[in-house]
Amino acid sequence: DSGVTQTPKHLITATGQRVTLRCSPRSGDLSVYWYQQSLDQGLQFLIQYYNGEERAKGNILERFSAQQFPDLHSELNLSSLELGDSALYFCASSVEGQGGNIQYFGAGTRLSVL
Amino acid sequence: EDQVTQSPEALRLQEGESSSLNCSYTVSGLRGLFWYRQDPGKGPEFLFTLYSAGEEKEKERLKATLTKKESFLHITAPKPEDSATYLCAVHPFSGGYNKLIFGAGTRLAVHP
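One line per chain: the protein sequences are F and C, in this order. With my numbering, letter number 53 in the first sequence gets 68, and the count goes up by one each step, no holes. With my numbering, letter number 8 in the second sequence gets -9, and the count goes up by one each step, no holes.
Hints are supplied without guarantee of correctness; some may be wrong.
To be verified - Taking lysine-lysine pairs in the DSS-like style, the calculated list, with each CA pair at most 25 Å apart, reads: (1) Lys62/C with Lys25/C; (2) Lys25/C with Lys24/F; (3) Lys62/C with Lys51/C; (4) Lys52/C with Lys25/C; (5) Lys51/C with Lys25/C; (6) Lys25/C with Lys72/F.
Keep in mind that the hints were calculated from the coordinates and are not lab data. Note that the structure is predicted; figures quoted are calculated from it, not measured.
Working from the sequences, and respecting the hints, build out all of it.
Written out as structure tokens, the structure is:
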């Protein structure tokens, strides 16, 4: 158990809908990262938050947004969903936002868009 | 452009048959290289971090090494429970705080 908690484990929804994925980091970790993993793309970095502030952005679509709350949990919002958004979404956390810090991953949320 | 390439894509071993997985990287500068293990439908599990060429880390049947251009994950006398996808990731100096770039992974199957 990495200590990173993601809910829900599975989500099934329809195209055009909006969903929210939730992540609770390990106790004491200030940084949260979101990744998308699909069969043809591998693990792709989406976005990082550190202590409530956005720190780095990757290949995150404009339809996707995220935030980190004062209690350090984070939410990833996916809107106007398309079939291609079906994937595993992982959250990871680390102690700091600095280089070389180990990122610990949650079990993921499997999103199926029908 | 920062890039990570893992080979082979898939590897089938007999129990006890040692082998190595390769991770080649091209980055502007390396803050750290990470190895993770991922079981089907689960999140990546951290194995090792390497920071400088010549560094080695060991854990049970696994040993990770690092050079200036690549890293190897050596598996000695593997067991069926070592079957998983092994992911390599780099944290380059460019690209923002702690952004990891992952390779596509090597799917390892160890048969009894």
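Checked hints:
no. : hint                 : in the structure
1   : Lys62/C with Lys25/C : holds, 20 Å
2   : Lys25/C with Lys24/F : holds, 10 Å
3   : Lys62/C with Lys51/C : violated, 30 Å
4   : Lys52/C with Lys25/C : violated, 29 Å
5   : Lys51/C with Lys25/C : violated, 31 Å
6   : Lys25/C with Lys72/F : holds, 24 Å
Violation of the numbered hints given earlier is confined to hints 3, 4 and 5; the remaining hints are satisfied by the structure.
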